[in-house]
Structures are given as C-alpha cells and as structure tokens.
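Q: Top to bottom, those sequences are chains S, P, Y and B. In terms of my numbering, the first sequence opens at residue 64 and continues consecutively. In terms of my numbering, the second sequence opens at residue 64 and continues consecutively. In terms of my numbering, the third sequence opens at residue 64 and continues consecutively. In terms of my numbering, the fourth sequence opens at residue 64 and continues consecutively.
There may be inaccurate statements among the hints.
Copies of one chain are not kept apart here, so a pair can be met inside one copy or by any two copies together.
[What the hints assert, rightly or not] Dumping the calculated BS3-like pairs for lysine-lysine here, alpha-carbon to alpha-carbon at most 25 Å:
1) K158 / K217
2) K304 / K294
3) K354 / K214
4) K181 / K235
5) K188 / K217
6) K406 / K304
7) K181 / K131
8) K406 / K126
9) K243 / K354
10) K235 / K217
11) K106 / K327
12) K304 / K133
13) K126 / K281
14) K126 / K235
15) K304 / K126
16) K65 / K354
17) K188 / K108
18) K294 / K185
19) K192 / K217
20) K253 / K106
21) K108 / K133
22) K304 / K235
23) K406 / K327
24) K243 / K400
Rather than coming from a laboratory, the hints here were simulated on the basis of the structure. Keep in mind that this is a model prediction, so the values were computed, not measured.
Number of protein chains: 4
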Amino acid sequence: MKLRLGMIGGGEGAFIGAVHRIAARIDDEYELVCGAFSSDAEKSKRSGIALGIDTSRAYSSYKELIEKEKQLPEDQRVQVISIVTPNHVHFDPTKMALENGFHVILDKPMTFSLAEAKELEKVVKSSDKLFCLTHTYTGYPMVKEAKQLVKSGKLGAIRKVYVEYPQGWLSKFEEGGENKQAEWRTNPAKSGISGCMGDIGTHAFNLAEYVTGLQVTKLCADLNIVVEGRKLDDDGAVLLKFNNGATGVLTASQIAAGEENNVKIRVYGENAGLEWQQTDANTLKVTWLNKPAEIWRTGAGYVSSFATHNTRTPGGHPEGYLEAFANLYRNFALSIKAGLEGKQASPEALDFPGIEDGVRGMAFVENVVASDQSNEKWTNFNV
Amino acid sequence: MKLRLGMIGGGEGAFIGAVHRIAARIDDEYELVCGAFSSDAEKSKRSGIALGIDTSRAYSSYKELIEKEKQLPEDQRVQVISIVTPNHVHFDPTKMALENGFHVILDKPMTFSLAEAKELEKVVKSSDKLFCLTHTYTGYPMVKEAKQLVKSGKLGAIRKVYVEYPQGWLSKFEEGGENKQAEWRTNPAKSGISGCMGDIGTHAFNLAEYVTGLQVTKLCADLNIVVEGRKLDDDGAVLLKFNNGATGVLTASQIAAGEENNVKIRVYGENAGLEWQQTDANTLKVTWLNKPAEIWRTGAGYVSSFATHNTRTPGGHPEGYLEAFANLYRNFALSIKAGLEGKQASPEALDFPGIEDGVRGMAFVENVVASDQSNEKWTNFNV
Amino acid sequence: MKLRLGMIGGGEGAFIGAVHRIAARIDDEYELVCGAFSSDAEKSKRSGIALGIDTSRAYSSYKELIEKEKQLPEDQRVQVISIVTPNHVHFDPTKMALENGFHVILDKPMTFSLAEAKELEKVVKSSDKLFCLTHTYTGYPMVKEAKQLVKSGKLGAIRKVYVEYPQGWLSKFEEGGENKQAEWRTNPAKSGISGCMGDIGTHAFNLAEYVTGLQVTKLCADLNIVVEGRKLDDDGAVLLKFNNGATGVLTASQIAAGEENNVKIRVYGENAGLEWQQTDANTLKVTWLNKPAEIWRTGAGYVSSFATHNTRTPGGHPEGYLEAFANLYRNFALSIKAGLEGKQASPEALDFPGIEDGVRGMAFVENVVASDQSNEKWTNFNV
Amino acid sequence: MKLRLGMIGGGEGAFIGAVHRIAARIDDEYELVCGAFSSDAEKSKRSGIALGIDTSRAYSSYKELIEKEKQLPEDQRVQVISIVTPNHVHFDPTKMALENGFHVILDKPMTFSLAEAKELEKVVKSSDKLFCLTHTYTGYPMVKEAKQLVKSGKLGAIRKVYVEYPQGWLSKFEEGGENKQAEWRTNPAKSGISGCMGDIGTHAFNLAEYVTGLQVTKLCADLNIVVEGRKLDDDGAVLLKFNNGATGVLTASQIAAGEENNVKIRVYGENAGLEWQQTDANTLKVTWLNKPAEIWRTGAGYVSSFATHNTRTPGGHPEGYLEAFANLYRNFALSIKAGLEGKQASPEALDFPGIEDGVRGMAFVENVVASDQSNEKWTNFNV
C-alpha cells in the first residue's frame, strides 16, 4: 500500500522539487496525489497535469491544499506533505499541515529563523504526526556506516572532526541574471540571515553531529561576502568545540572555483579515523594507528544493518544522491506505516533527520552569524 | 501520461527484477499494471500483491499474461513488457510479446543462442513495436559522452581499446548452496554455453562497440573454469581486432577475489585517449598527447546533449547504476511516446541498445567459445 | 666542481640528518667533508667514520667545527654548513657559521623564538653568504608549478586558501618511551612554545604564502593538547586573513589517527582553483569554472621552467620527498656557484626558502600561540 | 667504504645514464671513478669532466676502460661497471667486464637476442662476480611487499595475473626527428626484434614473474606496428599461462595517447587479490573476499622486512622511481660488500634481478615475436 503524497512548491523549473519526487518514487512507497506547486494558480495546474495529478487536486496555495484535502474521505486524503519552497515559506505550511493531521517532509534549512524553528518544535512535539527534514547526506549508506562505527567505539573517544562543503557555482555574480537558484539563495528576504552557511553549512554541521553523535557547544565563525554586490555570505569557516571536548573545523564555500559539491567529513578517534566524501559516496575509508587503512564499501557483506537497509543493489553498483534522498523518504514511510499498523518501527527505519536536527541547524545559522559579528573568539552554541 | 508496463519474471528474491522496476519508476514514465512474476502461480500472485497490482493481472505464465492482456480494452492493456527471466526463457516470451503487439524490454544476454538471436532479429524487424536490451552501462551519462567524443573525431582514428570487467563473487563454489544467482548463472541449461562471458563479457563487448562505434571482426579467446566443479567459464580474456584496424583486449572474470563490479574501458586514438570506470561513474578522463589530462564530469555545463539528456541533477550530485538503468527505460519510453504521437524521437532518446546489440552480443558469446576451443589464433567474428 | 659540505647534528639515529645527506648527494653538487654530528665526541667520530669522513674533521661541537675549518686552506675548507639539530640549537651555530664566512642550510622551524629569528635576519642581511631554510614542500615541482600558475594570473585574484597537515603519529603518549623524535618535538625546552604548529604548522603556513605569493595579516587560532600529559600542542586550527583580502583556513594535527603526512593545499581564485597534496605529489589539479578540471603532471612538456628545472626524469617516473629536498640543495648550490663565478643565478635556482620565510614562520608560531591564548577573535600578524 | 664504480655509455643527453648515477649516489655506496661515456673520445672526455672524474679515466671505449682499469692497483681499480648502452652493445662489454673481474650492473633488456642471453648466462655462472639487471620496478618497496604477500600464502593459490604498461610517447612518428630515445628504441639494428615488447613488455613480464613467483609456460601474442613507417612493434597484448595453471594477460603499448608510464599489476588468488601501480607507488591495495580492502603503505610499521629494508623515510614521505632504482644499486652493493667481507648477504640484500631474469626476459621477447608470427594460438615458452 502506497502512502498518498502531496507537495507544496516544486513546480516548473524547481530543481529540488523534482529530486523529492524521484526520491519518493524510487522505492514505491508513495503516490503523488496532490500539490500546490506554485502560488500562481495556472502554473500549479500546469505542473499538476505534467505530473499526472487529477487537476482538481492541483491547488494554488498551501492553505487551499490543506483545507480541501482535509475535506476528502480519509482513504483518499493526502497523508504526507512534502514542502520544498524557499526557506521563508517553510514554517507556516509545515505548522498548518501538522496541525491538520498530515505528516510532513520539509526541505532544509528548516525555517527562516531559530525562533520559528523552536516554535515548530513545539508543534511537532504536540502533534502525533511524524516530521522529516531532508538532510540528504545522512541518507548515504556509508554515512550511516560511519555513524555506526563511531557508535561501536572502535575509533575510541572522538578527538577531531573536519567537515567541509566546497562549491564554486556562485563564483560570479549569478543573481543578476536568470539563475533562479542564485536569485533566492542570495536573497535575505527568502533565505534569512545567511546564504552559504544556511544553504550548505547546515548540511556540513548536521553531518558532523550525525556521524559523531556529539553536539557542538561553542563556535568561532568567520563569514565572507566574496563576490561584490552579494547580500549574504558566500563563504565561511567555523572552529568548533564539542560536548566531549573534541574540536572541529567546518568550512563551506560557494566561491571555490571549479568545485562541484564535494561534501566531505573526517573524524579521528583515539585509535582510528574515518573519511567519507560525496564524490566517492560508496566508499568509507577507515584509517588505523597500526594497521593498513580499510576501504569499506556499500553493499558489502561486512557492513552494518544500517548500511544494508539503505542499499538496493549488490556491492559494485554505485548508488548516488537520489538513492540517498530516497532513503529518507523510504525510512519515513516505513515509520509511518509502522504507526498505521500499530507496530514499532525498526531503529534503521527511524534513523531519519527530524525536528531536533532542524532546531540545531537553525541555531547553527544564528550562532554562526552572531559569532561572525562578534570580536570574542568563542560564542556559546545557544539553542 | 504513463506507459502501462508488465513484467515477466522478477518475482520474490530476484535481484534484477527489482532493479528494472526502480528504473521504470525513477522518471515516472511507466505504471506497472501486470506481471507473470513466477511460473508458480501462488508466488506470482504474492509478488503482484506486494507490488500493488490488481490480483487479476498477476498471471502465472507469460503466455497467460500476453493472452489475457490482449483481450483488455486498448486503453487498459499493457503496452510495454519487461522480460527479466534467466537466459533460456528470453526468446519465447519476447517473440510472443512482439507478435502480439507489445513493446519489449529484455534483459541481457539476449537469448540462449545465436540462432535464437537471429530469429528474434527477424521478429523485431518485421514488427512495428520497439525493442530494448538492457546493456545498462551504455546508459551512464559519461559513457554517452565518451561515445560522442569519439564520434566528434577529437581523439583521431581509434587505435586501441582495453575493456575489462572484474568480479570476485564466484571465487568459491557458490552454486552448491543457496545463492540463486550463482545457481542459474553457472548452469548451462539456463545460461547457455558460457557463464562469465555470457553474463559480463557481453557487457564489456557491448561497451567497447558502443563507445568506439567500431565492430569486432576477429577474436582470439582463452576461457577458464577456475573453480573446481563449475560447469561454465568463470574467467576469460579475448584479443580483439576491429573493422578499422584497431586492436583491443577484453577481460572478464568472476574469480578476481575482492573485486566488485568495476567495468572499465579505455580507448586511445591518434591524439587522445579516454577512460571510464563504473566505480567513478560520473567522471570521464580524457588524456591528451601534449596537454593536461581532463576530468569531464556528469552534470557539467560543457558536456554534450547526450550526457545532459541522461542526467537528472546538477553537477556534483552523483548519479549511479539505477539512474543509468533508468536512462534506458526513459529513452525507450520517449521513443514509444514519440511514435504514439506520430513524431520522430530525438537522437538522444533513440540512443538505447537494441536488437543489433543483442545479435552481436550472442555472436560474441558463440565466437568466443569457438575461439577458446580452437587451436587457431584468430577466429572470424561470424554473425 | 662540488661544494664542500659540513653538517652540524644528524648523527646516529637522527632521521632528518640522513635525509639532508641524501638530498645533498642526489645531484652531486656537494661533497660531505666534515661534521659535528653529535655533542658526544665519540658518537660524532663514529658517525664521521660511517660517513667516510676524515676522522680529523669529525668534530665534537659546532664551535670546534667552525673554528678548525676556518683555519684550513681555502680550497679545502668547508663551504656550506647544514644545521640539522633540534630547534634550540639553531640560532647560535647559524650565526657563528655565517659570521665566519660559511653558507648555511638550516632545518625548520628556523629558531627557538621570533626574537632569535629577527636577530638572525640581521646576521644574514649583513652577511655576503647565502642562507637556505628547508621548507621541503616548496621544492616539489608541482608546488612550484602551482606558484607559477597563481603568478600568471590565470586563476584571477586569489580568494580562498585551505591548507592542512594531518599526522597521526602522536596519537598516543609516545614521548614516554624510546621515540627520540617524540621526545624532543614535544619538549618545550627543545622545541619552543609550540609543538604541532612549530613542527608542521609552519610548513603549512609557508606553503600557503609560497604558493599564493600573499601574506597573512591576521589570524585566529585554536590550539589543543589532546593527549594527556603532553606539554605542547599536538593539534590546532587557524583562521587566516591575507593582505589582498583573501581568507584561509590552516589545520595541523599530530593526533589524526591513521594519517601519515599528507600535507595538502587548495587555492581558489576568481576563475579557477588548484589542489596539490603530498601523497600524489606529481599531480596538480586545476579546477575551472566552466571547463573540465585538468591534471597537470611533473615532467610533462607543458609545465613551466620552474617545474622542469626541478625534475630529473621524464613524465611518469614519480619523484618524491627526497627529490623535493634535493631541489633545495641543488638550487642553493647553483646560486652559490653563480656567485663564485660572478654570475647572476637564474630565477629558478634562486627559488629556495630563505631568511624571510624563517622570520615569518617564527612569527606564525608566536602569533598563533598568542591568538590561542587570547579571547579576541583576531590577532594581528606581528613580525 | 664506497665501491668504485665505472660506467659504459650514459654520456651527454642520455636519460638512463643520469638515472643510474643518481641511483648510485642516493645511498652513498658507490663512487664514480671512471667511464666510457661515449664512443666519441671527445664526448666521453667532456662527460667525464662534467662528472668530476679524473680525465685519465674517461675512456673512449669499453675495451679501453676494462684494459686500463685492470692495470691499476687493486685498491684504485674500478670494482663495479654499469652498462647503460643501447641493447646491441650489452653483451660484449658485459662479458668482457665479468671475465676481467668486475661486477656488472646492466640495463635491460639484457641482450640483443636470446642466444646472447644464454651465452651470457654461462659467463655469469662461471664467474665469481655478481651481476644485476636493472628491472627497476622490482625495487619498489610495495612491489617487494606484494611478492612477500603472495609468498606468505595469504592470497591462496594464484589464479589470475593482469599486468599492463601503457605509454603514449610514440603516438606519432617521433623517430623521424631529433628524439634520440625514439631513434634507437624503434631501430631493429639497435633494439633487436622487438620495440615495445623489448623495451617495456619485458618490464611487465618481469614484474609478473617476480611478484607471483610463477613462471610463464605458454603464451599467445598479438603485436602491432600502429604508427605508419615504424619498423618495430609499438603495441601488443599477450595471453599467458603459468606453471601452476594460473592465466594472465600482459599488455604494453607506446601509442596509448596521453599515458605516461603507469605500469600496473593485479594478482588474484583464492582468497584475496592485490594491486600496485607506479603512479601511486607507495600504495599496495589488497582486496579480500569478505572483508574491506586494505591500503598497505610504504614506511608503515606493519610491512615486511623486504619493504622496510628498501625504504629510507618514515611513512608519508613518498619515495619514487629514483629510490626504487637506488634500491637495486644498494642491494647490489650490500651483496658485493658481504662477499668482500666473507659474509653471507641478507635475503633482503640479495633480492635484486639477475641473470635468470635477463634470460627469461629475452626468451619472452623471442617467444612473443614467434607467437605473433604464428597462426597457432599457443606458443610454448622456450628458453
């Protein structure tokens, strides 16, 4: 039985909406039944038709979607709503959807501000519906393996974390032209107080906390607007202190000319280190103090149930970004279905990013910006 | 509008059936409406239910499927049939499906023998239905880019081709136990006269002819049964001569301990060479005589329309095996739809492997086996 | 004609002394004629014998070496003195050697303190003898190529620099045992106020300034003593600001478990970026905004005279650490010989690290330590 | 005490002579005392002066060198003679040198023909002097480690060997111009009956037999002259059968456009495989059936005495081609010195290529050419 899925945002020309839909289809756990793909009613209709949705369910606003769907019989009504709008249109539809009895999948960063994030946390906690935030990188099997390896204690106590996210696509003043992505992502009215750190720094931050199981307690940030005329940071570096005494360095840049999207994390413990990067996503390198480094691979027989659960093909068939994204959708579906069936979802299914990740992500953005503006070296990580 | 898809084979426990279904879903061009998932009626029914198919359309044999579907109204009837059975059950259902007016997607190697392949060629040629053979590797954007680069003449006349396909999964006598894959792939009654060369050698061969646009005219093969008790070759090497005078070396092995599935091709022309391998599928390395080697990447702005057409995400978001597979499904769908709309499909859409690839693949198998058994160095590539 | 070389330090069991001697031999520009290999007269003698030196010229102190050699006839007397003692025995012998008319090659970091470094600068500037500091990494052909590429302007104005130096060899409390390297490198009395930053951070810093041609103006440092009981930092991270407005991040660690010595630099300009790392020392990756990344290689025909000059073999024959080291020795010799012949040395020969690098390196150490101890975010880079 | 070294060939402009001299210097085991660097007396003199040799010992022919040196007092006389001339001038000087009491280091391929090789074998066996053939690749620490791993039995019985040597430098008709290397290496009068196979195929062959400890018993070769006008093969592929039943594929090419010199070997046993390539010379990859692949590294604590003995620096300091070459020189010197001291040289020291490697190398050339000309698939490997 497929879950009935609706989408807010993601109409014509939107990159991430299409990614969400592919992710939802890969494992056949969802059926797209409705959407408010655009605030322009005509466009939304057109997108709905292109996506094979009944035209009566291609709405012109998220409000209309939620209100109308609620009136449908329970066995036709949408069950899960994906929200893929720019940041400033995250909070309201998410809140309304949850309060009206729909599960929500929300694109990151979670909200426009930390205040919104904390309010949303209350909504989620008082709701009996589930919430998923699409920190895609945590969906990669080898990232999950990394987390399990740390958790197993094989690395020993964690001492050092390096996480980086270099991109080059904003090396020029792209927002002047027809690049819609550049337009809203560099626009404070749509993206909030940070550009680069909000967009990709939050991914790096989430990855660091996810893999290590640690939490950042202090940070020291330096943000830059490198390209003249730009309104938000397009580059930055952050020194980190974690709650176990470990330290770290997070870098994110959108002006690293020629870099694509190679998010990378390295974690070092007392006995061993590990390294994962998106360009070689099916490999996890484990480095040991006194023996050869090891190359752990997606689909291999020796990996944990968390990696295996999130893999569709035998070893040697590369799974990529879309499959990582699909893992979030699938795990969310499995968790919802377990609920519908009155069962307990498995730990593997429940391992998707949620409201706490979102709150901490927004706190990261605000603390980073505060630190950047401060002359003090260290800023406490306030939530 | 989605094409209505049926499937023969691919029931519980089958690896490749699941892959076909994911591939069909990724781009939303198909809706699975029926299947004969197993020759065991109960199993087929169970698979159908699991896949959300109307139980009346989960058939117990391909004959039943084709006959019953034919009786359905045209706008409900299946349009495309995927056949994912072992090799010995390829020819009959494909022939019957085509002759009854259904498009066919068939898993490779195409048939049990070259004779069957040539007969099937006649069927396809006399049919007005389309036929696709799933040589997955030709679906990778960077493999398509490689073909376009060769075609553009930038490499100069092609002189040398190295293609290799190392696996290690049959290093032990796996067919004795519960490994169903090992069971049928090493069984002459199901796989035909060759194991390794039929299963993966054909992929390597197809990749070589696809990328270079050349045809093999002579070959010299050495096949081995390395693991004691095995009935078909599990390793082999083939020297190749091409129709333009170039030479090549093809190796395939299933006893390369510790290797996953890293199919790799290198092609050298007068001025430049290129290299692609599945473990780094989004990269195409181009080596020049007198300037730095170049790293061409999936999703980049500078690649050809053939690569771009087969990519879903911007540069830096790795696409993998399932997306390559999906490219075959999508291009096949686009070509069928163009036909339904009375239009000419684009060259990019029409670029999927077909009956000629299948005939040449089966000829490869028979010629390789013949060469292996011959004391003559060179065996003509007979079709 | 070979230059007559003497060595201070580097006796039995010393790692770096042997490296210096190999570096001196590779290009046959030097003949080792004397040494004060140890402050223990017996040991020094023994080392001298092992090295094939006339026993009368194996001295028991640097003072003796300089005094006795000075009394030899000019055509027998040592010409160049290599000083490879721990940091606290750098200043005095270097000063004395220069003041007595000998050229000096000195191991880094240059001195025990910045004050010493600045005093040494005066000595060097008032001397007519040459001085070389062994920042080895600047001797790699592809590092030189990187510098030339930046200088050529092809990358555009530099915006971002990442430089890192991860090691894992001090992950445990090694200084308790028989590890002589660990002993002195973690001992403030021998190494000065910093361990990790003095030992390898200075290399990373020098590499960043060398490749970019820029200078650090401000920094923000966080140093750590990770291993319990250790007396000096074994890990650290530094945010950097450069004199053209670019920013950077420098990390150095000796507790990155399983890492060897993979110093790595990435530099991004307006149009392109470059990446070099020691584990793949003969490759320079150049990433472009709108065309394929390029792989520049040692020994290729297209590289600059600075790379070619520092390479001994045709492309494809990997040159490594010892050859990089030898490049410093060779360029120093070529510069000295040009002087002896009253000629101007070539720009390629003169491209070796000198006193300014040393002063800036010691300033780096002191500023980093000051910044680490400060609550202010930014510390001016004072020299 | 250094061994007194002489050189035949290797004058101005010769690439390999300079490499030999660097290799001899790196470990300080030799002192170059004489040479017949060119058959042109003036040139030889000039080279001698440039190399700092007493002009009286810069001879104009190898005969003169051997005769004159023999007349010198034993403690001044040359002890080891390096012969670095083109192939057709290998046999005579080697024979004469050995018969007159000098140890010989000879560049590969050993002789002009197999007949010469077998005659030389008799000379070596009846002499009490040592003989080393410079198959450089066996000098790499990680190649030695590979051999030890195979020998240890950890891989299980060897089943498959792939060895390849791709170069691109003869992609054009280089021998027409001023390229001296191209001139003699493509000239049958100087290189013998094979170009590519003699020059680099022999290296690949030697590497395969060295690492596996196996011997080729049959082969099937296809050689090509790809570039119009060339007189010797510039490309080829060879199927191999080994004496334990394993099979292999050897490829060598000088027209693989854009390739440098990336000799690579892969060996698969029942339980594991290994992979080494020159571009990443300090890494040995070991692939296991059911556990993560391992990255073994030069200089690590866990490698065998054979790797450690052939390494000068701690892990992470890349050693390259010149150090591999130097390992041959050093081991040869250690073996000679052991003899001079009446001791048994260590197994590590004795592990350098010798006369048997040379005979088998020349047999390889002749058998490959015979096989290429035969219509029979398999040619016995005759020695």
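Q: Sort out which numbered hints this structure fails and list those numbers smallest first.
A: Checked against the structure, the hints that fail are numbers 1, 4, 5, 6, 7, 8, 11, 12, 13, 14, 15, 16, 17, 18, 19, 23, 24, while the rest are satisfied.
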